[in-house]
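Go ahead and model the full structure; you've got the sequences and the hints to work with.
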Amino acid sequence: MPLTRDRAAALALAVAAGVALWAACRYPFGTLAEPGPGLVPLLLAALLLAGAVGLAVHGGAATRLREVRLADLPLALVLLALMGVATLALEHAGYRATAGGFLFVLLAVVERRPWWIAALLAGGFALGSFWVVNNLLRVPLPVNGWGW
Amino acid sequence: MEVLANLATGFGIALTPSILVYAFIGCLFGTLVGMLPGVGPLTGISLLLPVTYGLSPTVAMVMLAGVYYGAMYGGSTTSILMRIPGEAASVMTCVDGYAMTQQGRAGPALAIAAIGSFVAGTVSVVALMLLAPPLAAIALKFGPPEYAALLTLGLLVLAYLSGSSTLKTLLMAVAGLFLGMVGIDPMSGYTRFSFDLPELGDGVGVVPVAVGLFGISEILLSARQASTLQVKQPKLSELLPSRAEARASVGPIARGTVLGFLIGVIPGSAHIISSFVSYAVERRLSKHPERFGHGAVEGVAGPESANNAATSGAFVPMLALGIPSGAVPAVMLSALMIHGIAPGPTLIATRPDIFWGFIASMYVGNVVLLILNLPMVGLFVNLLRIPYTYLYPFILTLCLLGVYSINQSTMDVWIAIACGGVGYVLRKFDFDTAPVVLGLILAPMLELSVRQSLAMSGGDWGIFLHRPIATSMLGVGATLLAYNAWSALRQRADWRARVGLDEETTSL
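Top to bottom, those sequences are chains A and B. When we follow the working numbering, the leftmost residue of the first sequence carries the number 1, and every step to the right adds one. When we follow the working numbering, the leftmost residue of the second sequence carries the number 149, and every step to the right adds one.
These aren't lab readings, by the way, just hints derived from the structure by calculation. Beta carbons: idealized from backbone N, C-alpha and C, even for Gly. Please note that a few of the clues may not be correct.
To be verified - Computed from the model, here is a short list of chain A residues facing chain B with C-beta under 10 angstroms: (1) 28; (2) 55; (3) 68; (4) 88; (5) 105.
Structure below.
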């Protein structure tokens, strides 16, 4: 029984459905006349599990898992990690410093653009977007302890 | 004749220079606001609401309606150029709009979106004018069983019309529905699946999920080719749609307009599904469904027309019954009430100047939007002349900024990042991500309707079979599903015949 892309996805979905079933069981199901908060999640988790089994059964003809191209995975993980760091920093360092730093790292370090162009663009975008969103549209953006 | 006379009165009000100026300001502001992911029509209207206190009610409604229309169109611009849906209604535009951009057809995609929005907006205003009272009466007949049946039908139609595997589409829709269970249960007050994180009490937002699954995942997939990626830069002569593209868009615009308006009338958030349904219908009707997802102009024309027509449809219950069909009409309703006007069945009789002035201003707003946006197509397309190595970092920052701006919550940003990662994996495994968003949108309404229906019937599932509207819709859904299963079995039989495995061979 070859491990295809669909079967791998079915396995992941079955695990997710198992977790969802376990989580749904923590809430009362009630009765059909008075359905509780656990009833619909339980039905959905069961549907997800049944669908995953169906996908596993019919997924034999899909592309083999080892043929899935993952050459872009390392950069994707770097970008996700950088976004995570920026999110952690956002409410501590303030929007302008975080957005400026995030853009500078992406342009100068990841994409290896000249550092002065990266600094200019990052600074300009951080200040400009802060002015538009925070001052013009009055959607409050975080500032740090120094008011930045 | 009476309608025409009233409309003439309305135009007399709407075409005064001051109203035209406010319509222009509203459309321009709305377009700019709509282009920022996360900062959609609701934020735009809420921002301008205090400004309208000092204006007359007609001027206030004209300006706010302009913001609404403008924001809907602005959201499609970022969907087409960057694959970032400004809001849920623009999700389907991302698919073929962005594919057209990659082929150097961003100009025609934006122009078709503008023209489709204009046609749909104008036609649906006529429908609003003529059909508001009877349609509103029909919409009132929708109780919990009818809603449950309608939403189930929506999901089944999507699966039936989907170009990819029905099973995979349904699995993604179920995953989206489950995601929609997160947060406080409106019937019991239980907080579900929040893992003790108070920010999840309100549930998972649609925009963070859509931005993650569409915008961020696209960058994760394409950033590695940033230095070599060639997004074709269109020439000035290629900014308008070709004759073939214009011809191919006529049907989708017409169908999207009708579908969008009818779905938009139904109170609740059902109007959001109009663009999903329109896209699915166009793919199914197309002689070349394989083009969908790879830059089919019909995939832009249909959903864009549908979501604009739904915008007008959403005004039907608001104007005719005083029932807002979503957050935006609710804010507009409050704008009227601030001026001491109570929308409802008596509005047409008591304040014809407001009703007909508003109707006429919607025509004017559509024309203003077209005049404003067609010349700007060239300007927007110039964004693509920026090398992708410079462009994608700004798009990522814009995604994070837009998602944060919705609730000023880093939880939304985390959700968008997580959905970006999940979207990357799903697309590697050939799953369509749009049904996740649709499931997420429909989940709260579907769950509430099912549970209310069961409570109404004392736990009898038969309630769905005893009410004509609900039974008809479920019957259509079941027929579609059965037809799909039959088609799949027939295809399988064909395949077996092609490789020489007939029934007799199999039985051996």
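Hint check results:
no.: 1; hint: 28; in the structure: 8 angstroms, holds
no.: 2; hint: 55; in the structure: 6 angstroms, holds
no.: 3; hint: 68; in the structure: 6 angstroms, holds
no.: 4; hint: 88; in the structure: 8 angstroms, holds
no.: 5; hint: 105; in the structure: 9 angstroms, holds
In summary, this structure violates none of the numbered hints.
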